[in-house]
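Chemist: Protein chains in written order, with my numbering: chain A, 45 to 158; chain B, 62 to 169.
These aren't lab readings, by the way, just hints derived from the structure by calculation. All clues given are correct.
Below, simulated SDA-like cross-link-like pairs (lysine to any residue); rule was C-alpha separation at most 20 Å, straight line:
no.	chain 1	residue 1	chain 2	residue 2
1	A	Lys111	A	Thr51
2	A	Lys84	B	His103
3	B	Lys156	A	Leu98
4	B	Lys156	A	Tyr145
Values in this document were obtained by computation on a predicted structure and should not be read as measured data.
Spelled out from the first residue to the last, the chains are:
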Amino acid sequence: DTAVSQTPKYLVTQMGNDKSIKCEQNLGHDTMYWYKQDSKKFLKIMFSYNNKELIINETVPNRFSPKSPDKAHLNLHINSLELGDSAVYFCASSQDWTGLYEQYFGPGTRLTVT
Amino acid sequence: GQQVMQIPQYQHVQEGEDFTTYCNSSTTLSNIQWYKQRPGGHPVFLIQLVKSGEVKKQKRLTFQFGEAKKNSSLHITATQTTDVGTYFCATNAGKSTFGDGTTLTVKP
Numbered sequence: 045d046t047a048v049s050q051t052p053k054y055l056v057t058q059m060g061n062d063k064s065i066k067c068e069q070n071l072g073h074d075t076m077y078w079y080k081q082d083s084k085k086f087l088k089i090m091f092s093y094n095n096k097e098l099i100i101n102e103t104v105p106n107r108f109s110p111k112s113p114d115k116a117h118l119n120l121h122i123n124s125l126e127l128g129d130s131a132v133y134f135c136a137s138s139q140d141w142t143g144l145y146e147q148y149f150g151p152g153t154r155l156t157v158t
Numbered sequence: 062g063q064q065v066m067q068i069p070q071y072q073h074v075q076e077g078e079d080f081t082t083y084c085n086s087s088t089t090l091s092n093i094q095w096y097k098q099r100p101g102g103h104p105v106f107l108i109q110l111v112k113s114g115e116v117k118k119q120k121r122l123t124f125q126f127g128e129a130k131k132n133s134s135l136h137i138t139a140t141q142t143t144d145v146g147t148y149f150c151a152t153n154a155g156k157s158t159f160g161d162g163t164t165l166t167v168k169p
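My request is simple: use the sequences and hints to build the entire structure.
Modeler: Written out as structure tokens, the structure reads:
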């Protein structure tokens, strides 16, 4: 069974479009995250939710809007896509928000904006 | 917030050589975690260190947490081609912060 799953795995779209990435975890974890990994492999936190509540909101353009309908799901909607949004987006989950438990990462969504 | 600096960014070794990556912080860390990301894959948790001066081993991998809890290292003895990938340190208490990673390539 896949612990953290993301869809789609690949996403190719044009500038200006709006797209969504979905994430689901079946681990019963309270906390979920979105990360952006650029071409240099730097892994940057974007958002974190704990039990559907937003707890981390980094300096991310407001074109990015996360939504957590329940604690097992965390989706990411991106409006007006730009070339610089091209990256791999990882979803992750952990038992709680304290940072004292390991994070489980999804397989990633490779977004290419043309 | 807590930030971690990781060096080197890249390391190329001959198979059988040792490898070390270092993680440093200007502030005391509550914990440090290490992850490995294989090429084309996702980060996978390796280990967590919590105590001052802690040393943990996993086969050929040795993890250390400094006495002041401001630095950590991951050492691989006698690298193999299966060790290739990017190794990240991370401190997650309060905010999830990953180091910039060290990408290891191993020449057979």
